[in-house]
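Protein chains: 2
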Amino acid sequence: MFPASMRRLARLARLGALLAATSAAMAAPRGASTGDMEGFSPSAAAVEAALEQRFDAGLSAQEQRDWMQSMSSEPNHVGSAHDKANAEFMLRKFREWGWDASIETFMVLYPTPRDLAVELVAPTHFSARLREPPVEGDATSEKTRDELPPYNVYGADGDITAELVYVNQGTLEDYKELDRQGVSVKGRIVIVRYGGGWRGLKPKLAYEHGAVGCLIFSDPRDDGYGAGDVYPKGGYRPPDGVQRGSVQDMTLYSGDPLTPGMGATPGAKRLTRAEAKTLMKIPVLPISYADAEPLLAALGGRVAPPAWRGGLALTYHLGPGPAKVRLKVLSDWNQKPIYDVIATLRGAVEPDRWIIRGNHHDAWVFGATDPLSGNVALMSEAEAIGKLAAQGWRPRRSIVYTSWDGEEPGLLGSTEWVETHAAELKAKAALYINSDTNGRGLISVEGSHGLRHFASQVARDVGDPETGVSVLARSLAAERVQSYEGGGRPADGSGDLPLGALGSGSDYTPFLQHLGINSLNLGFGGETQYGVYHSAYDSFDHFRRFGDPTFEYGVALAKVSGRLVLRAAQAELLPERAADFANSVGVFTEELHKLADGMRASSRELDQLLDDGVFGPATDPSRPRTAPQRESAVPFLEFAELDTAVEKLKQSAKAFDIEYLRLCSAADAGAALERERMNAALTSLEQTLLDARGLPGRAWYQHMIFAPGAHTGYGAKTLPGIREAIEDRRWNEANQYVGIVAHALNAYGARLDAAIAAQ
Amino acid sequence: MFPASMRRLARLARLGALLAATSAAMAAPRGASTGDMEGFSPSAAAVEAALEQRFDAGLSAQEQRDWMQSMSSEPNHVGSAHDKANAEFMLRKFREWGWDASIETFMVLYPTPRDLAVELVAPTHFSARLREPPVEGDATSEKTRDELPPYNVYGADGDITAELVYVNQGTLEDYKELDRQGVSVKGRIVIVRYGGGWRGLKPKLAYEHGAVGCLIFSDPRDDGYGAGDVYPKGGYRPPDGVQRGSVQDMTLYSGDPLTPGMGATPGAKRLTRAEAKTLMKIPVLPISYADAEPLLAALGGRVAPPAWRGGLALTYHLGPGPAKVRLKVLSDWNQKPIYDVIATLRGAVEPDRWIIRGNHHDAWVFGATDPLSGNVALMSEAEAIGKLAAQGWRPRRSIVYTSWDGEEPGLLGSTEWVETHAAELKAKAALYINSDTNGRGLISVEGSHGLRHFASQVARDVGDPETGVSVLARSLAAERVQSYEGGGRPADGSGDLPLGALGSGSDYTPFLQHLGINSLNLGFGGETQYGVYHSAYDSFDHFRRFGDPTFEYGVALAKVSGRLVLRAAQAELLPERAADFANSVGVFTEELHKLADGMRASSRELDQLLDDGVFGPATDPSRPRTAPQRESAVPFLEFAELDTAVEKLKQSAKAFDIEYLRLCSAADAGAALERERMNAALTSLEQTLLDARGLPGRAWYQHMIFAPGAHTGYGAKTLPGIREAIEDRRWNEANQYVGIVAHALNAYGARLDAAIAAQ
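Line order of the protein sequences matches chains A and B.
Under the numbering used here, the first residue of the first sequence is numbered 34, with each subsequent residue one higher.
Under the numbering used here, the first residue of the second sequence is numbered 34, with each subsequent residue one higher.
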């Protein structure tokens with residue numbers, strides 16, 4: 034669902050350099066790592082390393098290629114015949130590979146368009162094409178008979194005609210600027226540029242500001258000719274390419290809009306459409322830049338601010354009007370079935386501790402990159418693990434491989450499955466490992482920070498397909514070079530991978546943020562030419578030319594993900610470096626202090642500027658821009674409880690990590706009980722960070738450390754209850770959530786303390 | 034010559050806010066300022082204020098409009114009939130207004146094109162239009178019979194065909210990046226984007242890197258549709274608009290290329306063309322974006338780095354080839370006459386102290402904005418001063434009004450005049466006040482920092498035509514708002530105008546940087562739509578719509594410049610706040626410390642990255658980019674002598690300013706001699722900052738504090754002998770210039786000390 038390679042690029046650009054890469058990190062991967070493996074005793078590590086060699090031998094780039102070609106040969110969106118066929122194909126494969134596999138079906142609300150139109154009706158006339166024609170050399174681009182036309186699922190029905198306003202990316206900041214420029218969207222249709230946050234926030238904020246319709250276009254500066262040569266010459270978005278996508282309000286909850294918090298099983302009690310809060314209230318359509326250009330060219334009014342101007346060969350104006358647009362969206366609001374493929378390999382020693390691995394299989398059209406590039410790597414892993422099992426091997430803990438349906442409309446397959454099996458998952462799931470899109474380039478890993486060293490060790494032990502150095506070394510090298518070249522902050526010198534916090538945009542969300550299951554999300558990217566996100570041109574022919582032509586990065590993803598699965602399943606101790614988590618929370622807490630202090634200073638400065646009346650004289654009288662609104666004063670917040678909890682957590686973490694390392698190296702059998710006690714503590718450790726009340730206004734999100742931003746959607750907000758309260762100037766709520774977060778951190782620390790308490 | 038309004042905008046965007054604008058600054062201008070006027074006793078200030086009221090009454094917006102319309106009615110470049118006619122028109126006017134006026138003529142090398150061609154010869158064929166067609170509603174755009182075709186004066190003759198390479202703005206950094214990407218310009222023609230420094234550096238650096246020809250194009254992102262609606266709908270550059278301009282190497286010396294350091298009088302000894310170092314070695318032509326588009330579209334090779342991509346609707350590639358281009362430039366290399374208009378009003382009390390005011394009158398085509406907008410303000414001032422004289426008033430010091438010819442090709446008129454009269458100017462010139470283009474908006478003032486408070490007081494006393502507050506208040510308000518909105522560093526809280534350092538690009542250069550005459554440069558701008566710089570569309574019809582429709586900013590410029598002239602001519606003490614200068618030099622010195630320290634840290638980091646071999650693993654194997662070259666280590670520089678001189682200067686300045694203020698307020702007649710001694714010291718004070726050896730490799734530039742950057746051209750480099758030596762890693766030279774600069778500062782301080790020494 035999410036343009037992971039793009040986000041990776043952005044993050045890489047932000048990241049800083051390590052002061053010194055360790056020589057170990059820079060060396061070529063050892064392939065077998067016998068000495069240093071999180072959670073393993075030395076002897077167990079040697080066994081694991083040998084297992085991983087055999088695992089690698091079971092991976093095949095050619096198979097990944099064949100699977101992708103076949104699975105992307107027809108449109109495979111939710112409800113399509115090929116979507117179901119792909120699930121059934123995987124079911125057969127999993128069973129063939131020795132897994133205990135089944136398909137779990139849910140019935141979800143999934144509107145599909147039956148009548149769409151976008152027309153410029155004044156001052157001239159133009160009818161938007163709203164479709165993606167075949168391109169030369171792309172075999173599937175002609176096979177669109179069964180494809181849905183480009184649309185934004187969960188937008189409202191409507192047929193409206195109104196003046197057009199250009200609102201840039203349609204963020205809160207953009208509406209503030211429009212307000213200062215004297216432009217209102219009330220009763221108008223907005224045209225908004227993709228980028229700057231979750232797509233669904235664009236119509237949501239437009240609606241909240243009074244707009245009656247929303248067109249979202251792909252600007253060529255962002256992923257078209259401004260980014261590189263367009264398809265089929267290069268891999269970037271051609272003029273008619275459209276970014277489809279969901280506009281459900283996933284900041285409230287993910288999954289079927291009609292069954293929040295429960296599985297969308299046949300008999301489940303469902304909301305009416307009117308009751309479902311994640312459905313958009315206004316019609317929305319995505320359009321290509323070929324379709325957007327005449328609309329934007331017809332806009333008058335002021336010239337847009339410099340940062341709002343895109344790559345079209347015209348002057349971007351704000352409007353409103355004289356461009357007047359008709360927008361028509363009528364959909365079939367039926368329920369459709371989705372097909373999750375679930376495959377289990379039962380653990381021999383700790384069967385009730387589950388290591389879950391997932392990727393989705395549904396796409397917007399053919400979905401070669403998104404999601405099949407990740408899904409075929411997952412299939413490779415399942416086959417290789419199956420081969421190990423066929424040779425008599427059994428995992429210590431249970432391994433569950435999943436391929437989700439309905440991720441694109443809103444993480445439907447994963448969410449409904451998680452909600453259906455919530456109690457069991459809370460009891461048994463120790464780790465969820467997600468991937469989505471994949472391609473040539475550098476590894477990117479996001480997740481809970483206690484897993485950082487674990488993930489880094491795996492990255493150290495897998496070789497980059499093209500350069501010969503380890504995947505970790507490439508990542509660290511890029512981080513250092515980008516920092517040197519002015520792209521980011523220096524890293525922490527740990528020699529570990531930078532680990533991003535998890536927001537949303539793929540199937541880890543219900544696991545982590547709803548249930549509190551420790552999660553990782555990963556993939557390679559940044560060296561692809563990927564400008565066809567969510568279009569019909571995200572095809573096999575595109576991927577084999579511009580994604581990962583040799584599928585060696587698909588194999589590399591399987592090696593990394595497979596190792597994460599195998600090590601988590603086999604380790605004597607589940608992975609955890611508590612100090613990494615505690616220190617990260619310490620950094621987040623410092624950020625909150627700085628956020629509040631910065632806002633306080635800024636509000637005071639604004640007060641002074643308003644008192645001095647400088648905004649009037651500073652503005653161009655021919656283009657007046659009103660002063661910003663005066664802001665409420667920023668009080669000093671009651672951070673003490675949080676600061677105390679962080680300090681205490683750091684101490685607990687330090688003690689825990691020492692004991693953890695001792696238990697890893699302890700060869701005496703007597704430690705087995707202590708290990709079991711620690712594993713029991715670790716399996717559900719992340720759940721101590723939940724609060725049943727959830728986040729303000731969105732109770733479904735229960736994780737107190739990580740959430741998708743209510744105003745960003747994809748981007749993670751850390752300590753979100755406090756951070757967003759500060760950002761939105763809800764001071765009482767900020768103070769309230771200080772207490773709630775401190776409570777969660779104390780629970781986490783107490784769990785660590787208990788795990789190492791004398792028996 | 035210089036796009037002043039653009040630079041002003043850029044500067045305004047950089048500037049920070051004052052912590053608090055004084056209420057005085059925010060108040061409406063008092064019109065008459067009786068209480069606080071730099072260099073005046075209270076009683077003299079009252080007289081001066083009344084004089085300024087009468088001066089203002091002599092200004093007329095309608096006259097400025099009429100003069101501009103007539104002077105811009107035909108092409109008026111050097112050598113044109115209308116250029117001479119304009120000089121003669123002004124001569125008649127100055128005489129009519131009572132000035133002792135004459136025209137001073139020089140003969141300068143001024144090549145004009147006789148055969149130009151740009152053709153794409155492979156892989157397809159295209160002939161560039163190379164001309165600017167008429168546009169609707171622009172009366173003069175059809176009167177181009179006498180105009181020169183768009184060209185870059187002082188480019189070499191040639192007729193070459195070679196592969197094309199896109200080099201972005203053609204800066205040193207750009208060539209380093211090309212080198213890392215494996216692209217050479219050797220034997221090729223470069224196509225380079227306008228912006229990022231003085232135009233003449235583009236072919237110079239291209240030549241130094243082996244290129245055989247140079248095309249400079251105006252990218253629509255910069256001043257075309259990316260900036261705003263294009264002419265005639267808006268004021269920005271239309272597709273066929275071309276930026277003409279000089280490419281002489283003005284970083285060596287300005288003026289006639291054949292007579293460096295001496296006036297280009299009929300009998301002057303001249304260099305041969307081969308000897309003239311400021312002539313370009315390769316052919317160069319400026320082209321429009323309509324002409325550039327097919328050339329850029331025909332380029333292959335790698336995609337240009339993101340920051341290099343412009344506003345055309347195509348993917349910018351680097352080349353080389355397959356685009357192959359023919360570039361032909363053949364010129365008439367005759368000498369042409371230039372006509373400086375010089376008008377004097379002899380001082381009654383101190384006739385041998387001159388206050389000089391200048392603007393140029395030559396243009397590239399019609400030149401409504403550049404330079405006539407400033408020139409008609411200057412004419413207004415001369416008329417109003419003439420009216421005062423007709424009523425019997427005589428200035429205390431001599432006032433000299435000048436209108437230069439030949440500024441566009443390289444400050445020819447001003448430079449030749451300054452070089453011809455160097456000895457007399459060094460003895461008599463106390464201040465040179467320059468303007469060039471003008472338009473709606475905020476005031477911008479650049480100059481020697483001892484004049485900052487003087488200029489600020491004038492800005493305080495002139496009202497902004499549209500908002501009613503003072504010109505100073507608008508500037509300070511904008512500075513504060515822009516800093517608040519993230520645009521710049523906070524200002525110093527003095528309540529004075531931000532004062533930029535003088536680089537080059539207009540006629541102050543020979544005065545300040547060659548002779549050491551205290552200088553100011555000023556104009557209004559930033560609220561115009563000015564994208565027609567150096568094109569045939571810089572016309573009266575353009576200016577009356579998008580420049581300064583009411584000409585009230587022309588009147589405001591006359592009020593500010595006239596006050597600067599009158600106060601400098603009338604003040605009992607010439608303007609000087611030595612502490613402002615000393616503190617500024619202190620800031621420049623701190624910058625040098627930071628520059629060297631930053632380079633040292635950066636070079637060490639680079640060493641470490643190279644030692645660790647991270648550039649290889651960090652690069653995309655499909656688009657390899659080599660590691661940067663290892664840099665020479667940055668030694669600790671011998672800054673002590675400079676630091677000591679700055680410290681000493683600050684002390685001298687403090688003592689001087691106290692005595693200066695005492696003398697201003699002293700009403701006793703006995704102070705007259707002390708004042709005379711101080712004025713004598715101040716008249717040539719700036720000359721203490723000269724060093725006869727000049728700057729490294731460019732002896733003509735003798736000012737040790739300000740120079741145009743050798744690698745920037747327009748942009749000022751402060752303490753240039755040291756700064757550029759550091760930037761270019763010439764460590765011995767840096768240490769050498771520490772001594773030279775310290776010597777100059779010590780001389781400046783000694784002059785201050787002497788001026789206040791007991792008699």
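A few of these clues could be false.
No copy is singled out in the list; a pair is fine if it fits within one copy or between any two copies.
[Stated by the list, open to error] Below are the DSSO-like pairs computed for lysine-lysine, each with C-alpha atoms no more than 30 Å apart in a straight line:
#, residue 1, residue 2
1, K357, K302
2, K310, K687
3, K266, K219
4, K266, K357
5, K126, K681
6, K420, K627
Simulated from the structure, these hints should not be mistaken for laboratory data.
To see whether the hints hold, each was checked on the structure:
With identical chains, the CA atoms of K357 and K302 are never at most 30 Å apart, being 42 Å at best within one copy and 70 Å at best between copies. Within a single copy, K310 and K687 get their C-alpha atoms no closer than 44 Å, and across copies no closer than 69 Å, so neither meets the 30 Å cut-off. In this homomeric assembly, K266 and K219 come within 30 Å of each other (Cα to Cα) only across copies, at 28 Å, whereas the closest approach inside a single copy is 42 Å. In this homomeric assembly, K266 and K357 come within 30 Å of each other (Cα to Cα) only across copies, at 21 Å, whereas the closest approach inside a single copy is 35 Å.
Taking the closest pair of Cα atoms, K126 and K681 never come within 30 Å of each other, the shortest separation being 49 Å inside a single copy and 85 Å across copies. Taking identical chains as interchangeable, the C-alpha atoms of K420 and K627 are never at most 30 Å apart, the minima being 53 Å within one chain and 62 Å between chains.
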